[in-house]
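Read off the chains here:
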Amino acid sequence: MNAVLESGKAVAGSVQAPRLQVFKWLVRRELWEHRGIWIAPAICAAIILFSAAVGHVSLDGNPEPRGPGLVVNAPAAAQWAGTALLGMAVPFYITLLFTQFFYALNSLFDDRKDRSVLFWKSLPASDLETVLSKVFVASVVLPVVALLFTVVTQAVFALLAAVRVGEIATQLGTAFGPNAAAAARAFVGALASPQLWLADVLTLLWVAVGFALWTLPLVGYGLLVSAATARAPFVFAALLLGGVGLAESLLFHSDWFVGQLFQHALGAIVGLSHATAGPAAMNAHGYVPSVSGERLLAAVTSPDLWGGVVLGVLFIGGAVWARRYRDENT
Amino acid sequence: MGTLIEATGLSKSYGSARALDDVSFSVEAGRIDKQIGPNGAGKTTALKALLGLTHYDGYLRVAGLDPYRQRDALMQDVCFIADVAVLPRWIRVHQVVAFVEGVHPRFRAERCREFLARTNIPPKAQVKTLSKGMVTQLHLAIAMAIDAKLLVLDEPTLGLDILARKSFYDALINDYFDESRTLLITTHQVEEVEHLLTDLLFINRGKLVLDTPMDRIGERFVQLITTADHAAPARALGPIHEQQALGRFAFIFDGKDAAALAPLGELRTPGVADLFVATLQGGQQ
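Chains A and B, in that order, are what the protein sequence lines are.
So in the numbering used here the end of the first sequence lands on 330, straight run, no missing numbers.
So in the numbering used here the end of the second sequence lands on 1285, straight run, no missing numbers.
Just so you know, these hints were derived from the structure itself, not from any lab.
Each statement offered as a hint is correct.
Under the rule of at most 16 Å between Cα atoms (straight-line distance), these lysine to aspartate or glutamate pairs were calculated in the EDC-like manner:
| hint | chain 1 | residue 1 | chain 2 | residue 2 |
| --- | --- | --- | --- | --- |
| 1 | B | Lys1132 | A | Asp114 |
| 2 | A | Lys24 | B | Glu1101 |
| 3 | B | Lys1128 | A | Glu33 |
| 4 | B | Lys1132 | B | Asp1083 |
| 5 | B | Lys1128 | A | Asp114 |
| 6 | B | Lys1256 | B | Glu1242 |
| 7 | B | Lys1124 | A | Glu33 |
| 8 | B | Lys1256 | B | Glu1266 |
| 9 | B | Lys1132 | B | Asp1161 |
| 10 | A | Lys113 | A | Asp327 |
| 11 | B | Lys1207 | B | Asp1057 |
| 12 | A | Lys24 | A | Glu129 |
| 13 | B | Lys1207 | B | Asp1021 |
| 14 | A | Lys113 | B | Asp1083 |
| 15 | B | Lys1128 | A | Asp110 |
| 16 | B | Lys1166 | B | Glu1194 |
Construct all of the structure, not just a fragment, from the sequences and the given hints.
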């Protein structure tokens, strides 16, 4: 028998696929399964651009002309343009908050529900690799997709603004006076500045990184519930969070936990508003809206942020453990 | 090297139910082993233990590895199908083939596509649009394209019609099996694979009730076919099983000398199905 075995085909001996390649396929598999990754931001972009394409100025319900008080100059126009662009990112990041959390909540649960978990577990990809591929999608792919959709939406918005500037300026002029028309032209002029776009993209990158870090404990928590719960991961996850918040308020009359929850959910979006809060500044190339460096620095050195990251890593470890050792009674 | 699976005192309980009760067996490389047992007998639990999917008590090594602690390493050498009828519903046929090719170094996509070309499965179809039989065919095509030391199949032909079952077993034996591979199959459809097997394990109520190579069955077990007037003396010799049909009596004896039985009637080697019923009922007495 031994002789036969040794002369047999190259079945003996350990071969392994390169781990990076396995990881790539695991991520690709996530993108096949979760089409919502593209659909949610696409809907968001469609709504914004549709409004930008057909919107017009009307005085209905807004009868107070404000034009005369408006100061139109280059720094102010740069400030408006920067704020408008980054403001467009907010709906994308709010959408992302939901797609990310629901992705995490369902990603390890769905294949347990339809029993295909045994198929996935029959392949030589470890549970650690599987869970990490889901963390990667939730905390890297999804924010990058949101970033790309935001930038494309901003660019199309800027083009629409350039095309429609005459029309809108006339409407504004009629409604609010010549000052408002000049403001609209200055705004569209500022949108053409390359420095504005550089600052915009850098800010969005920064926000994407901040988003991934702030929400890591939420992603980890979602994955842990997803891997461990017997049914209804959303109900379980929501009840547990609500229960902890309620228990704290009853026992200690405080709301630290709920505050933390909001801070982690909205931390990156708040960071976005901080980023645009500074005044526009003159540099060698012209006026660009400044990113408030101090506030951003305060955000990355926040103990709440890093405490959350540590908690997120622990949750992810728990999710790997549950994925590996939970006895699926099929 | 020769022993692929070694289990000693394997036990597993779900609450107070003993799914596996002190089971010991070993499987040599290059064998086709079959675990047979009624529903709920502990077959699937035994497989899950072998594949590191469940915790157990006792000693167990598969390909020299502890399946529970070294599961990741084990999965490089073992291919298993826990439930042939289940694949992710959202995935497309060409996607699942590409995915397995990407993560499994022993998977030969060409071979898989050859198997699939013999079926009516459309390559772009989503699994949820396929019939149950097609999902099974797809799953088996994937498994048979993997060059694994050990292929474990849990109820592989459940839900397939008789033609598909036959073509599956033909393909398994002709295209897949060779001396370097071991197959472990659980089933309760006994007859159709009987002639393929090299070894037999019967499990009932968590206990191993029979563990024998197929070619030893004739030496150990004998079936006596006789008429009513010889029934009483036959019964006196202590058969493990007795069956009466159309006025004829069939007794199965374990470890009895054929010479003593020969005068009582016709002797033959019992079929696996008869042996299965005999040992199971024996175990329940």
